[in-house]
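Protein chains in written order, with my numbering: chain A, 1 to 168; chain B, 1 to 168.
These are computed hints drawn from the structure, not numbers from a lab.
Among these hints, one or two may not hold up.
Unchecked claim - As a list, the in silico DSSO-like pairs of lysine-lysine whose alpha-carbon atoms are at most 30 Å apart:
#, chain 1, residue 1, chain 2, residue 2
1, A, Lys155, B, Lys135
2, A, Lys135, B, Lys155
3, A, Lys4, A, Lys40
4, B, Lys85, A, Lys40
5, A, Lys117, A, Lys72
6, B, Lys72, B, Lys4
7, B, Lys95, A, Lys117
8, B, Lys135, A, Lys95
9, B, Lys85, A, Lys95
10, A, Lys85, B, Lys89
11, A, Lys155, B, Lys95
12, A, Lys72, B, Lys89
13, A, Lys40, B, Lys72
14, B, Lys117, B, Lys130
15, B, Lys89, A, Lys89
16, A, Lys72, B, Lys4
17, B, Lys85, A, Lys72
18, A, Lys89, B, Lys155
19, B, Lys95, A, Lys85
20, B, Lys135, B, Lys155
21, A, Lys95, B, Lys89
22, B, Lys155, A, Lys4
23, B, Lys117, B, Lys4
24, A, Lys95, B, Lys95
25, A, Lys130, B, Lys117
26, A, Lys155, B, Lys89
27, B, Lys4, B, Lys85
28, B, Lys4, B, Lys40
29, A, Lys85, B, Lys117
30, B, Lys4, A, Lys40
Unchecked claim - Computed Cβ-Cβ distance ranges for the label pairs, DEER-style:
#, chain 1, residue 1, chain 2, residue 2, range
31, B, Ser41, A, Met116, 44 to 52 Å
32, B, Phe148, A, Asp156, 30 to 38 Å
33, A, Arg70, B, Lys89, 54 to 62 Å
Where a beta carbon is used, it is the ideal one built from N, C-alpha and C, also for glycine.
2 protein chains.
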Amino acid sequence: MKSKITIITIITLFIIGTAFALKIPVRPAPNGIAMPEGFKSWRLIASSHRSDNNTMRVILGNDTAIQAVRFKQTNPWPDGSIIAKLVWKNTSLEKWPAATVPGEFVHSEFMIKDSMKYAETGGWGFARWKGISQKPYGEDASFVQECFGCHTPVKDNDYVFTHPVELP
Amino acid sequence: MKSKITIITIITLFIIGTAFALKIPVRPAPNGIAMPEGFKSWRLIASSHRSDNNTMRVILGNDTAIQAVRFKQTNPWPDGSIIAKLVWKNTSLEKWPAATVPGEFVHSEFMIKDSMKYAETGGWGFARWKGISQKPYGEDASFVQECFGCHTPVKDNDYVFTHPVELP
């Protein structure tokens, strides 16, 4: 009896441990775009604070995008560039209330430059994952028309709202 | 005569080329702290928008600081952590006026954790460099009292105002 309990305990701990160790993979966006890996470690392009929907945003870039930023070659951005926009709800610092800072995570958004593959949407592949669980945005592949429509007013800036920050 | 002009031209081009190639080094802060290298490529800790002085800020960390962030070991931050705060004046996007974004570069600020070396100021060495030319802030080493005084209300958070952003 005692050895049975021990075996059950071992098996249970094994299952729990495995579940913790295996990260649940994030599903691709409905247009087939897979979430770019390692974006949390990408370098800074810019930040913003949108007062129309009370969100704080930080814009990061992969190596190709950052090289384009450093050489001021971002109109157009080179193929291979990926721009990540990370979005949080506004909150403020308890110890400095005039500082608006990122609170709850809202979503991650990506623009992936491939002028051939994504020729129909200005050379950019669009994708968004919602919330801390990173649920793909959009019911089907047509969601990109919403993204592209919103970005069309900035066609002259290669469909990108962001301007890289000035750095010393 | 012709060869003289050629020699003068070569020497002139050599001098101009050398001047361009040599970056003018940034002077250390009055307390002897040298500007940390490569901070433009550091990873994201957080961002903020201060409505009391109309500035946008991005907070980056060196590898030690980012490792502490990932493991949620930031109170206290480990020795070797460096936190960089990059500050810009507010501006807004022409094509999305409700988005406040970084404009003119104001200054870079650093907190360097060394609990022995900087024991008198909470274990942190402070430094700031002003403007795009990165002129050291402060007339003499006493400027750190201003920094430390302002950070004392957040003693319970290891003298750091910033809370690392939530990331998926």
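Quick rundown of the hints versus the structure:
Proposed proximity of lysine 155 of chain A and lysine 135 of chain B is contradicted: the alpha carbons are some 38 Å apart, above 30 Å. For a cut-off of 30 Å, the pair hint linking lysine 135 of chain A to lysine 155 of chain B is broken: about 38 Å separates their Cα positions. A threshold of 30 Å between alpha carbons decides the hint, and for lysine 4 of chain A with lysine 40 of chain A the separation of about 45 Å lies outside it, so the pair is violated. At most 30 Å may separate the alpha-carbon atoms for a hinted pair to count; lysine 85 of chain B and lysine 40 of chain A meet this at roughly 18 Å.
Between lysine 117 of chain A and lysine 72 of chain A the alpha-carbon distance is near 24 Å, which keeps this suggested pair within the 30 Å criterion. Restraint check for lysine 72 of chain B and lysine 4 of chain B: the C-alpha separation of about 67 Å exceeds 30 Å, so the hint is violated. For the hint pairing lysine 95 of chain B with lysine 117 of chain A, the CA-to-CA distance comes to about 27 Å; that is within 30 Å, so the pair holds. At roughly 29 Å between alpha-carbon atoms, lysine 135 of chain B and lysine 95 of chain A fall within 30 Å of each other, so this suggested pair holds.
Restraint check for lysine 85 of chain B and lysine 95 of chain A: satisfied, since their Cα atoms lie roughly 17 Å apart, inside the 30 Å limit. Taking the CA atoms of lysine 85 of chain A and lysine 89 of chain B, the gap is about 21 Å. The hint holds against a cut of 30 Å. Simply put, lysine 155 of chain A and lysine 95 of chain B have alpha-carbon atoms about 11 Å apart, close enough for the 30 Å limit, and the pair holds. With a C-alpha separation of about 21 Å, the suggested pairing of lysine 72 of chain A with lysine 89 of chain B holds against the 30 Å cut-off.
Restraint check: the Cα-Cα separation between lysine 40 of chain A and lysine 72 of chain B comes to about 15 Å, which is no more than 30 Å; the hinted pair holds. Taking the CA atoms of lysine 117 of chain B and lysine 130 of chain B, the gap is near 25 Å; set against the 30 Å cutoff, the hint holds. With a C-alpha separation of about 22 Å, the suggested pair lysine 89 of chain B and lysine 89 of chain A falls inside the 30 Å cut-off, and the hint holds. A C-alpha spacing of about 39 Å is found between lysine 72 of chain A and lysine 4 of chain B, which places the hinted pair above 30 Å, so the restraint is violated.
Note on lysine 85 of chain B and lysine 72 of chain A: the hinted pairing holds, with a Cα-Cα distance of about 23 Å set against a maximum of 30 Å. Of the pairs offered as hints, the one joining lysine 89 of chain A and lysine 155 of chain B holds, with about 26 Å between alpha carbons and a cut-off of 30 Å not exceeded. Using a Cα cut-off of 30 Å, the hinted pair lysine 95 of chain B and lysine 85 of chain A holds, with the two alpha carbons roughly 17 Å apart. In summary, the hint linking lysine 135 of chain B to lysine 155 of chain B is supported, as the alpha carbons are separated by about 28 Å, within the 30 Å threshold.
Annotation: proposed proximity of lysine 95 of chain A to lysine 89 of chain B holds, straight-line Cα distance about 22 Å (limit 30 Å). This hinted pair does not check out: lysine 155 of chain B and lysine 4 of chain A have alpha carbons roughly 53 Å apart, beyond 30 Å. The hinted pair formed by lysine 117 of chain B and lysine 4 of chain B fails the criterion: a straight-line CA distance of about 58 Å is larger than 30 Å. With a CA separation close to 34 Å, the supplied pair lysine 95 of chain A and lysine 95 of chain B exceeds the 30 Å bound.
For the hint pairing lysine 130 of chain A with lysine 117 of chain B, the CA-to-CA distance comes to about 44 Å; that exceeds 30 Å, so the pair is violated. Pair hint lysine 155 of chain A plus lysine 89 of chain B holds up; C-alpha atoms about 26 Å apart against a cutoff of 30 Å. With a CA separation close to 52 Å, the supplied pair lysine 4 of chain B and lysine 85 of chain B exceeds the 30 Å bound. Restraint check for lysine 4 of chain B and lysine 40 of chain B: not satisfied, since their Cα atoms lie roughly 45 Å apart, outside the 30 Å limit.
Between lysine 85 of chain A and lysine 117 of chain B, the direct Cα distance comes to roughly 38 Å. Violation of the 30 Å bound is thereby established for this hinted pair. This hinted pair does not check out: lysine 4 of chain B and lysine 40 of chain A have alpha carbons roughly 58 Å apart, beyond 30 Å. The hinted range of 44 to 52 Å is not satisfied by serine 41 of chain B and methionine 116 of chain A, whose Cβ atoms lie roughly 30 Å apart. The supplied range of 30 to 38 Å is broken by phenylalanine 148 of chain B and aspartate 156 of chain A, whose beta-carbon atoms lie about 47 Å from each other.
For arginine 70 of chain A paired with lysine 89 of chain B, a C-beta distance near 22 Å fails the hint of 54 to 62 Å.
Hint compliance for this structure: hints 1, 2, 3, 6, 16, 22, 23, 24, 25, 27, 28, 29, 30, 31, 32, 33 are not met, and every other hint is.
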